[in-house]
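Residues per chain, in single letters:
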Amino acid sequence: MHVDPEILRLVAFLVGVIAFAALNAAYLVWLERKEAAHIQRRIGPKEVGPFGLLQPLVDGIKLMTKQLIVPAGVDPVLFKIAPILVMVPAIMSFVAIPFSDTLVARNLDLGLLVIFAFASVNVLGLLLGAWGSRNKYAVISAARVVSQNVAYEIPMLVTVVTLVMISGTMNLSEIVGLQMGGFWHWNILNLAASPLMPVAFLIFFVCMLAETNRAPFDMAEAESELVAGAFTEYSGMGFGVFFMGEYANIVIGASVATILFLGGWDCPFGLFPGVHWFLIKMYFLIFTVIWIRWTFPRTTFYGLLNLSWKILIPISFVNLILTSAMLKVF
Amino acid sequence: MSALIQSQANETFVLNLGPQHPATHGVLRVKLTMDGEYIVEAEPVLGYIHRMHEKMGENRTWAQFLPNTGRMDYLHALAFNHGYVALVERAAGITVPERAEYLRVITTELNRVSSHLLWFGAFILDLGGFSPLLYAFDDREHILDLLESVTGSRLTYCYFRFGGVYNDIDDNFVPGARAFIKRLRERMPMYHNLVTKNIILMKRLQEVGPISAEMCRKYGATGPVCRGSGINFDVRKHEPYSIYPEMDFEVPVYEQGDSMARYMVRMDEIEQSLRIVEQALDKLPEGPVMAEKVPKILKPPKGDYYHAVETARGSFGVRAVSDGGNIPYRLKLRSPTFSNLSLFGEACRGMLLPDALALMGSLDLVIPEIDR
Chain D
1 MHVDPEILRL VAFLVGVIAF AALNAAYLVW LERKEAAHIQ RRIGPKEVGP
51 FGLLQPLVDG IKLMTKQLIV PAGVDPVLFK IAPILVMVPA IMSFVAIPFS
101 DTLVARNLDL GLLVIFAFAS VNVLGLLLGA WGSRNKYAVI SAARVVSQNV
151 AYEIPMLVTV VTLVMISGTM NLSEIVGLQM GGFWHWNILN LAASPLMPVA
201 FLIFFVCMLA ETNRAPFDMA EAESELVAGA FTEYSGMGFG VFFMGEYANI
251 VIGASVATIL FLGGWDCPFG LFPGVHWFLI KMYFLIFTVI WIRWTFPRTT
301 FYGLLNLSWK ILIPISFVNL ILTSAMLKVF
Chain V
1 MSALIQSQAN ETFVLNLGPQ HPATHGVLRV KLTMDGEYIV EAEPVLGYIH
51 RMHEKMGENR TWAQFLPNTG RMDYLHALAF NHGYVALVER AAGITVPERA
101 EYLRVITTEL NRVSSHLLWF GAFILDLGGF SPLLYAFDDR EHILDLLESV
151 TGSRLTYCYF RFGGVYNDID DNFVPGARAF IKRLRERMPM YHNLVTKNII
201 LMKRLQEVGP ISAEMCRKYG ATGPVCRGSG INFDVRKHEP YSIYPEMDFE
251 VPVYEQGDSM ARYMVRMDEI EQSLRIVEQA LDKLPEGPVM AEKVPKILKP
301 PKGDYYHAVE TARGSFGVRA VSDGGNIPYR LKLRSPTFSN LSLFGEACRG
351 MLLPDALALM GSLDLVIPEI DR
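So the protein sequences, as listed, match chains D and V. Read left to right, the first sequence gives residues 1 to 330 (this note's numbering). Read left to right, the second sequence gives residues 1 to 372 (this note's numbering).
Note that these hints are calculated values from the structure, not bench results. There could be a bad hint or two in this list.
In silico DSSO-like cross-links for lysine-lysine, where the CA-CA straight-line distance does not exceed 30 Å [unchecked claim]:
#1 197(V) to 310(D)
#2 136(D) to 299(V)
#3 34(D) to 197(V)
#4 299(V) to 332(V)
#5 136(D) to 31(V)
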């Protein structure tokens, strides 16, 4: 029987992408717990498996065997669909991410656009879940999530537009291809295009924290204020899927930052570029995200909006104008 | 259409904060009337952990009530012990040996430091910073070990007796306490660098949740809450008891009245308490730790007695009416946090929910002490 190799390739990539997303979501929980523990002078999970490495499996089994409670009075359709709406777009985004010059599920010409389109579905999922669960804390949380995402998508996308102008393409593989040959070629140090490039990276990183609802911008599930925010009414795997979606989004955010600013799979010294460099950079960014969470207290909601509208958006526009001027002049 | 918009503008909803909520640190319920995220009105609802301590006092002998005092404010149990014990001693005319008074002050002040450290960690946790809690607990653990070696318990102490303390310190206590003072003094700059000077924390606390001196007087707020609003009042200084007049310490007072002022008052008080402990350790006299001839069955003469002490949260007053029997006729406890919480309803009006919770955290609530 003859099977089209293209179909085999598709199946292999689908399985690979889902496995990568799910494994990351599971083991980032382990990483977060271990890292938090060491920051706080504890040991962290250590009972299940060596260094507690099997802890995510046990957590997963626990969540799956728990009863999925659908409280009385909720909108059952929205309540059940919301976690999936967070999880699926996050996994779909992996399709467009090039891990190395050969390892990419679909080399799309509009890869960057696809990722940001999927990323904006995330907030819809949170909003529907919070609204559907008919909980006051959840609704407050949903209102916060929406205005937070609106506020932070603007500087993020303006920064991305700046990069697209520099690269002249939205194909992620090509964007990385332009940065090959050592760290002085990476966009973060591309001072010839705009002297504000390192600042642009910081803006992108802060926006990524806010987009993925990570501390110090975790307004959505500010547990000392809103109990568990949008997830208050969720139990068992409903909560688990939200949780995995959140971690998958962090992986996506770190990957995009790696591709746009840190040269993707390029080696800092121009030697042996490959998927390992991509993973090192990505996990370093994720490590930093977790590090920030366990160090800083939470900002307030108005502090967060002030930061976006008064600082990040003006700077990112200045960077955009500066870059276009520099591109025109030189 | 315009009617629709108008009705929406006036629309408020009721949000139940607690009795099970991470920010209330216990079974406190606050009924909030909210306009969006703004608080229109807040009404604390008490009584979820009411145990009738005052009524229990009327049903048991003077000595039998003593362990109850440690169960009210479990974080500064020794000060509550001290208030009750000093009251009964005043009523029955018992003189306490000097060494016992010194031991009382040393242990009470160490307990105050442990209470402030726990508040520090829990307060930053309310603001979303997780890690300082564990560091504060690490330091607090040393105090608990020290106090365990003296009192035999780690949380709800019952160390003081009418006429002294029940147990003398062992040989390791004095060097251990000195080592702890040195250790905490070395670590306080770390807390200030990591937490106090953090820009996010400063923005969350400065000019947030102002409490005026008038409001403090109106509601009878004491302790760090009133000292953060510019009222210089500390029972240890202004109605001195025990050996506090012999000690050289300052009362930190901040004028601003915001959450940051209350935060700074407590952080400064840690240092002042360490100073008191240090001096008391230097001066610690030899001698008995228990007065002789304390009657087994205590019968204070007929009368009306009052004694106040300064706890970590403010002034704790005990009033007892004795009819000359072995059981108090009436026992009235004035606990500091009850008054401090009472001003929350007025203070948080018009605030955003996260700011109001920062304000609530800065009041340092211990719910079993409010409900008694």
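Practice prompt. May I ask which of the numbered hints given earlier this structure violates, with the numbers listed in increasing order?
Written response: Of the numbered hints given earlier, the structure breaks just one, which is hint 2.
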